[in-house]
Amino acid sequence: MDPKMDGGFLQPGETLEDNYDTLKALLPEEVLGIMDQLLCHEMAWHTGNPLSQTLFTSVYIDKILWPEPKTLEQAQFYRGEVSDSRRPDLLLEVLRAYCLALIKCCDFVIAKVTSRDYFEEEDFCTHTYNRVLFVQVPIDVFLRELDVAVESLQDPDLSISADLCEAIITRLEFRKHFLTALDLDCPLEHLDRYWPPISSHLSSINSTYHLGKPVPGSFSTKIQRRLASTVPPRPIVELDFKDAFSKLQQLCLDCEEGTRFTHLSPDPLEYQSFLWAFASRTPTPLPYARSYLANILFHPNTLNTSTTLPLTDLQCLIFTCSPVLDPQNWALSPPLNPLLPKPLRHQLALIIDEFIERTGQNYLELWTALGQNRSRLRRMLNHVILGWDQLQVDANTLDEEIMAVVKEMQVQEQVLVYPLTTWVYHKKLWMIEKIVMLGFEQDIYLPDEFAGMYGFLERVARRRVDLLSNIYAHYEEQEKQYLRAKPPKLEMAAEVEGAARYIESLLAEATGVCELSGALFRFYTVLLYLRLLPTPNRPFSTPELRYELRMKPFLTLSPPEVPPFEEHHEQLHGFGPYDNPEPSLLLALQNPISELWKGIEDGIKRAKDSFSQLKKLGPKAAKVEGVDKAWGKEVQGALASCIALGVAVVGIKTAVKECDENGKVAVKVEIPEMGSGKRYAEGWVVGKVVKE
Amino acid sequence: MGDKDANISADELQYVQYQDDKEELYLPAIRQLISKDLSEPYSIYVYRYFLYQWGELCYMALDANNTLIGVVVCKLEPHRSGTFRGYIAMLAVQEAHRGKGIATKLVCMAIDAMAARDADEIVLETEVTNTASLKLYERLGFLRSKRLHRYYLNGNTAFRLVLYLKPGTATKKPHGDLNGNVGEEQGIREAHPTLDGTHVP
Numbered sequence: 001m002d003p004k005m006d007g008g009f010l011q012p013g014e015t016l017e018d019n020y021d022t023l024k025a026l027l028p029e030e031v032l033g034i035m036d037q038l039l040c041h042e043m044a045w046h047t048g049n050p051l052s053q054t055l056f057t058s059v060y061i062d063k064i065l066w067p068e069p070k071t072l073e074q075a076q077f078y079r080g081e082v083s084d085s086r087r088p089d090l091l092l093e094v095l096r097a098y099c100l101a102l103i104k105c106c107d108f109v110i111a112k113v114t115s116r117d118y119f120e121e122e123d124f125c126t127h128t129y130n131r132v133l134f135v136q137v138p139i140d141v142f143l144r145e146l147d148v149a150v151e152s153l154q155d156p157d158l159s160i161s162a163d164l165c166e167a168i169i170t171r172l173e174f175r176k177h178f179l180t181a182l183d184l185d186c187p188l189e190h191l192d193r194y195w196p197p198i199s200s201h202l203s204s205i206n207s208t209y210h211l212g213k214p215v216p217g218s219f220s221t222k223i224q225r226r227l228a229s230t231v232p233p234r235p236i237v238e239l240d241f242k243d244a245f246s247k248l249q250q251l252c253l254d255c256e257e258g259t260r261f262t263h264l265s266p267d268p269l270e271y272q273s274f275l276w277a278f279a280s281r282t283p284t285p286l287p288y289a290r291s292y293l294a295n296i297l298f299h300p301n302t303l304n305t306s307t308t309l310p311l312t313d314l315q316c317l318i319f320t321c322s323p324v325l326d327p328q329n330w331a332l333s334p335p336l337n338p339l340l341p342k343p344l345r346h347q348l349a350l351i352i353d354e355f356i357e358r359t360g361q362n363y364l365e366l367w368t369a370l371g372q373n374r375s376r377l378r379r380m381l382n383h384v385i386l387g388w389d390q391l392q393v394d395a396n397t398l399d400e401e402i403m404a405v406v407k408e409m410q411v412q413e414q415v416l417v418y419p420l421t422t423w424v425y426h427k428k429l430w431m432i433e434k435i436v437m438l439g440f441e442q443d444i445y446l447p448d449e450f451a452g453m454y455g456f457l458e459r460v461a462r463r464r465v466d467l468l469s470n471i472y473a474h475y476e477e478q479e480k481q482y483l484r485a486k487p488p489k490l491e492m493a494a495e496v497e498g499a500a501r502y503i504e505s506l507l508a509e510a511t512g513v514c515e516l517s518g519a520l521f522r523f524y525t526v527l528l529y530l531r532l533l534p535t536p537n538r539p540f541s542t543p544e545l546r547y548e549l550r551m552k553p554f555l556t557l558s559p560p561e562v563p564p565f566e567e568h569h570e571q572l573h574g575f576g577p578y579d580n581p582e583p584s585l586l587l588a589l590q591n592p593i594s595e596l597w598k599g600i601e602d603g604i605k606r607a608k609d610s611f612s613q614l615k616k617l618g619p620k621a622a623k624v625e626g627v628d629k630a631w632g633k634e635v636q637g638a639l640a641s642c643i644a645l646g647v648a649v650v651g652i653k654t655a656v657k658e659c660d661e662n663g664k665v666a667v668k669v670e671i672p673e674m675g676s677g678k679r680y681a682e683g684w685v686v687g688k689v690v691k692e
Numbered sequence: 001m002g003d004k005d006a007n008i009s010a011d012e013l014q015y016v017q018y019q020d021d022k023e024e025l026y027l028p029a030i031r032q033l034i035s036k037d038l039s040e041p042y043s044i045y046v047y048r049y050f051l052y053q054w055g056e057l058c059y060m061a062l063d064a065n066n067t068l069i070g071v072v073v074c075k076l077e078p079h080r081s082g083t084f085r086g087y088i089a090m091l092a093v094q095e096a097h098r099g100k101g102i103a104t105k106l107v108c109m110a111i112d113a114m115a116a117r118d119a120d121e122i123v124l125e126t127e128v129t130n131t132a133s134l135k136l137y138e139r140l141g142f143l144r145s146k147r148l149h150r151y152y153l154n155g156n157t158a159f160r161l162v163l164y165l166k167p168g169t170a171t172k173k174p175h176g177d178l179n180g181n182v183g184e185e186q187g188i189r190e191a192h193p194t195l196d197g198t199h200v201p
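Order-wise, the sequence lines are chains A and B.
All residue numbers for the first sequence refer to UniProt numbering, where the first residue is 1 and numbers rise by one.
All residue numbers for the second sequence refer to UniProt numbering, where the first residue is 1 and numbers rise by one.
In isolation and in its complexed conformation, chain A is listed as follows (with noise of 0.2 Å):
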């Protein structure tokens, strides 16, 4: 006998089954207090525990559940016949129409997280033990009991105290709003208007907290043996008020948030932007909240536009007035004999065609991704761009056929070099960018590792600074041949200087993150020579063997981003060894206006420079609109970063300044922990010099 491991196992004096009567009748402040530890254990069950052992430990709940009830009015705290004596009097009825109500929200967010992609156990456990969850009853049902409970609390005649009266009522009133905004049914342009009440309710639901008296023992573990499992009962989550309560409300402010998808422009690049943004919400939001964006992002009429959403994304950055996109492609025919050639438009239109109907899936695997949880998203990120590898090789072939048709047709001057790549290998390395961005934010590198991985960045984000460079010049040429053409095509010009702007807002983003990662790198090297960084001695592991660990998600990309061990190595140590640097290090970090100082301090200028540029140019520009509070911060704590780089250079030179003779300096280097508030972007590390 294991207690562990044995289900059936009792401790001396212990019984398999629990004696608590649910029919017993009930003070009003203990309908209050069971109404708040059941709000409690739902809330520990949205943060990913199990209903067994959360809501599925209230007696209450047991009963109403369990055996099975073939109808709503079985779904009582009893079963079959009870004397007249012994019926549940008014406040048990008020909270059996709670309960019911709390078992139907269960139900209907069960069906919504797992009709989008989740993972079980990890974000959420659907495990219902067997019990139906009122699947087949509608919330019309659900609506009215919680109506005849609060019109029977409503009595004048009623012996209850006015406040725990006014109390349960509220809670009542919250259910029924909560219960409506979890229907799966809401119509998709009325979705904002259904948080609101709710947000109402709750600041009552806190005030009133302590008005009720909870009753432990109406909470059991052993309800767990007959869950249809082996496992002996695990403990009872407790979730405390204050911290369920708080998850309440984030709930509540996350799916109102989401709803504010419904308002964007259908925007593609307005998506991608409110999806990332709202994953990088603080706290981050519950797996409900994702599923309920997620649905909005899928519905039918999100992605039903009457342009799809690649094309729309493949214009904006690309072919802004382009030929290759005139819808007139699209309205030739083929030749009827099929032996002559096809239209030179036409085949420009079958060549678009096939090229976004091959993106669909990668476009679809992207989104999905950016509504998982955090650490999944960077997991699934590395997944999601060897799809679109693949894919720049598609679209390198399809490139070589729309540059014959354009050279053909006379107009390849108006069309930009290889377009189709150049759009899916931008997506690939803002995905890069990203994966190693999200790395340094869940503290996947230690610190000795930065240089080196910042390192990396730049080199990324310089290839995509020299592709956005490549199109912002197209379009700035194309402007101009609008303008000097006979009469000037103004329309068109102010639509390309339109998308120009947009090319702009990305230039600002990737030079800036190329410069500041260029600073990183450049300012963790010099820690490396100071010897401020922690450095494990490794004894199993080489400087080889851990970069071919850190690149292994980019090693196979074509073109390859990954630069071999030699060059990576190199780069990391321009002044020779960490342990006997050339004497040209000491003397390059004593003289404030070395060449590696300044490299370090004009990157860092250059950094502050882009982003207040990207900040000038506006969330229009960035297409931000629909996050641009969001988008603002993250701008904000990328220039906060710069200076506070800058500061710890400015640490750094004081103290080598002051260094003894074998270059040892008086000064330790701290670095931030994730979400301690001490960085100002997550994925932005700037350590911070202080004095020893």
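Rather than coming from a laboratory, the hints here were simulated on the basis of the structure.
Predicted model only: the values in this text are computed from it and were never measured.
Idealized CB from N, CA, C, for every residue including glycine.
Just to be clear, a hint being listed does not mean it is correct.
[Said to hold, decoys possible] Derived, one-sided and incomplete: chain A residues facing chain B with beta-carbon distance under 10 Å:
| hint | residue |
| --- | --- |
| 1 | Y78 |
| 2 | R79 |
| 3 | G80 |
| 4 | F298 |
| 5 | E449 |
| 6 | R501 |
| 7 | E504 |
| 8 | L549 |
Assemble the complex: chain A is given as a structure, and chain B must be docked to it using the hints.
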């Protein structure tokens, strides 16, 4: 266990490989030692799963009275990614003996044993808050490769730690599957004890 005993250093202990024919002698002690630190219930079968197949990758630290002070349990098998992957499943040291490098020594022996058997890599999971355990493995050369949200039954998040032993491990492909394998993210989880107490200096 008196305080006097707790003063013996890591070197005064005897480090021995587990042997199948000594199951009766050692298994109860191993179970007792590990289950003390575990939040998850492990049946006898979990221990036997590891010890029957990879007993030679289990090392024990014993004191002069043959009392079990520490233990490490591992496995080594082809992974679906195509690598020959070692896995450190359980590691525990008696509380009174922590901080003396016993766990480090046991892990080193296990790594050596797996390397000698041609392992490409060694992986394990540990709670993100278990600083002592993270330090132990990171000092030896492990890197954090992933964060695993709510990995443990108690809802805690884990880091996956990885140590490559051979070059070319990252680009290995599963046999007969030229397209690579992306099954890793589909939610398959290994047995994973929560070890709270591998304190090391």
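Verification of the hints:
no.	hint	verdict
1	Y78	34 Å, violated
2	R79	33 Å, violated
3	G80	37 Å, violated
4	F298	20 Å, violated
5	E449	8 Å, holds
6	R501	37 Å, violated
7	E504	35 Å, violated
8	L549	5 Å, holds
In terms of the numbered hints stated before, the structure departs from hints 1, 2, 3, 4, 6, 7, listed from lowest to highest.
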